[in-house]
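Peer 1: Letter by letter, the chains look like this.
There are 2 protein chains.
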Amino acid sequence: MTRIALVCPGKPILRERADAVLALAEAEFPRAELCFSKQCFEHDGHFAGSDDARLEAFVNAANDAQYDAVWFAMGGYGAARIAADAMARLGDEARDKTYLGYSDAGVLLSALYRDRIGTPVHGPLAGDVRREGGDDAIRRVLRYLSGQETAPEPLDAQPTVAFNLMTLAMLVGTDLMPDLSGHVVMVEEVAEHLYAIDRLFFHVTQHLRGCAGIRLGRITEVPKNDRPFGCDEVAIAQYWCDRSGIPYLGRADIGHDAANRIVPFGVEARASRS
Amino acid sequence: MTRIALVCPGKPILRERADAVLALAEAEFPRAELCFSKQCFEHDGHFAGSDDARLEAFVNAANDAQYDAVWFAMGGYGAARIAADAMARLGDEARDKTYLGYSDAGVLLSALYRDRIGTPVHGPLAGDVRREGGDDAIRRVLRYLSGQETAPEPLDAQPTVAFNLMTLAMLVGTDLMPDLSGHVVMVEEVAEHLYAIDRLFFHVTQHLRGCAGIRLGRITEVPKNDRPFGCDEVAIAQYWCDRSGIPYLGRADIGHDAANRIVPFGVEARASRS
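Residue numbers (full-length UniProt numbering), protein chains in the order written: chain H, 1 to 274; chain E, 1 to 274.
Keep in mind that the hints were calculated from the coordinates and are not lab data. Note that this is a predicted model, so its numbers are computed, not measured. Mixed in with the good hints, there may be bad ones.
Claimed, not checked - Anything over 10 Å on all C-beta distances counts as not near chain H; from chain E, calculated:
no.	residue
1	Met1
2	Asp44
3	Asp68
4	Gly76
5	Tyr77
6	Ala80
7	Ala88
8	Asp135
9	Thr150
10	Met166
11	Ala169
12	Asp175
13	Ala196
14	Asp198
15	Glu221
Claimed, not checked - So, partial list: chain H residues that the calculated Cβ filter (under 8 Å) puts toward chain E:
no.	residue
16	Phe47
17	Thr150
18	Val172
19	Gly230
20	Tyr248
We put the beta carbon where it would ideally sit given N, CA and C, even for glycine.
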């Protein structure tokens, strides 16, 4: 049996979406047991409960020996308010676990990776069940967490991490940021103007000098601006990679969508492929 | 005679707004001579001309001995693409000038302050003529640049700088960022959700540890979210200042509005007031 605790470090998940994930797991993954913390359904302004409630829920799940994995049920801003305090409270039981999610939950993946606690993994949130093709995203996670399937072979010979671009931009230079020298960094974004993507690339490429390269995930739901930006996201990524001496390595199969790939942090392609 | 060159490092200014500024200057400031670079009216996708055009216009204005000041006519993202190259090309003539603007133009003020070139000053853009009360913003700048009036007495005994919050967040940790230890840092923002303000404060307070304090300017045009954030911008600023050990010093009279105060970088209150 694989036991999976679900928590919401940012915003809450709708009950009906949690129920859809539970129903799918029950029907198709009899050897996976999912436990949504009641914190996932709390509301406190923007957040799924107060900072204390979100902190306690995450720390309790991470430190509970009965769970094999902590699956972030939703993104939405909020993890930055609890990550530093959480790391200080993680014990030995937290070290054997897998932590899976993306978007704002990348703040916790980043802090865990920095502190070498457990296995941080970029991948779909439980809340992605709402998307077109969302059931497949949920199946992908449950096959991975229950050991039925390994993550797809990494693309590069260097250890890889994956982040939402804005989330990464807010992490660089902070106490929650791991040293990514020698890493391939995948980035994706949703609902940002291309000028904001350009601005974020200026910032993160300055901070990532020394990394092994950047791969560009999907940039989706770009809002319509009063004028076109003038080039696309690939040209933006190439421009700032060139300026900062970071290799641009091409596209990555990640994004705010149901196809979002599973990317375990720090894993590289096997030597035979590199 | 005070000669003022106007350039647009980000987006272009509308001709009618430039004309309104010229008409006001002609009517009320006979001893100020304003020269809009034709680059101000160029269009290249998002920008007021290509990176080269914007770079050349700024460098030529800064290096031209006939001008006493460079006034940024518009903000809008774009200065980050030209600032590093511009600094490398500034000569002795650039050192005696005042550079005035805010918002995205803060990138150039930051780089100038870092390199100790000229006098960077936070203050209204020529394009602010469009705002309610915009004529007074233009008058404030022209009185200041033509020496009719000094900047308002600084609030604090430490040297002060002022930035748009997002602009500052993209500057911290980069080659364009000055050392702000011992400085009071004023920040303002427009058209960002409160959760984004919170996220930006997380980021900048981590980078500004060692500064003398933060003052909060106006946070305006906050978009309506699907749920309230849960606290206001003052509580956000206080929260992150507390967490990072930075003194929260109260409000600042800056913002994306016509009342936006003139703040010369690096100036502190006179000893008699401190």
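Peer 1: Please go over all the hints and tell whether each is borne out by the structure.
Peer 2: Here is how each hint holds up against the structure:
Separation of E/Met1 from chain H is adequate, the least Cβ-Cβ distance of about 36 Å exceeding the 10 Å criterion. Distance to chain H contradicts E/Asp44 as a non-interface residue, since its nearest Cβ pair spans about 6 Å, not more than 10 Å. Separation of E/Asp68 from chain H is adequate, the least Cβ-Cβ distance of about 31 Å exceeding the 10 Å criterion. Not every CB of chain H lies more than 10 Å from the CB of E/Gly76, the least distance being 8 Å, so the non-interface label is violated.
The claim that E/Tyr77 lies off the interface is violated: its Cβ sits roughly 4 Å from the closest Cβ of chain H, which falls inside the 10 Å cut-off. With a closest Cβ-Cβ approach of about 4 Å to chain H, E/Ala80 is found to fall inside the 10 Å limit, against its non-interface label. With a cut of 10 Å on Cβ distances, E/Ala88 stays outside the contact zone with chain H, its closest approach being about 13 Å. Taking the minimum C-beta to C-beta distance to chain H, about 25 Å, the non-interface status of E/Asp135 holds against the 10 Å cut.
No Cβ of chain H approaches the Cβ of E/Thr150 within 10 Å, the least distance being about 34 Å, so the stated non-interface status holds. Some Cβ of chain H comes within 10 Å of the Cβ of E/Met166; the nearest lies about 8 Å off, and the non-interface call is violated. With a least CB separation of 8 Å from chain H, E/Ala169 falls inside the 10 Å interface cut-off, contrary to its annotation. Here E/Asp175 does not stay apart from chain H, with its beta-carbon only about 6 Å from theirs, under the 10 Å limit.
Annotated as non-interface, E/Ala196 brings its C-beta within 10 Å of a C-beta of chain H; the closest such distance is 7 Å. A cut-off of 10 Å between C-beta atoms contradicts the statement that E/Asp198 is not in contact with chain H; the least separation is 7 Å. Interface exclusion of E/Glu221 from chain H stands, the closest Cβ pair being 15 Å apart, more than 10 Å. Using the Cβ-Cβ criterion of 8 Å, the hint placing H/Phe47 at the interface with chain E is satisfied: the shortest such distance is roughly 7 Å.
Here the hint on H/Thr150 is broken, as its CB sits about 34 Å from the closest CB of chain E, past 8 Å. A hinted interface residue such as H/Val172 counts as satisfied when its beta carbon comes closer than 8 Å to some beta carbon of chain E; here the least separation is about 7 Å, so the hint holds. Restraint check, H/Gly230 versus chain E: the minimum CB separation of about 2 Å is within 8 Å; hint holds. The restraint placing H/Tyr248 at the interface with chain E is violated, with a minimum CB-CB distance near 17 Å, outside the 8 Å limit.
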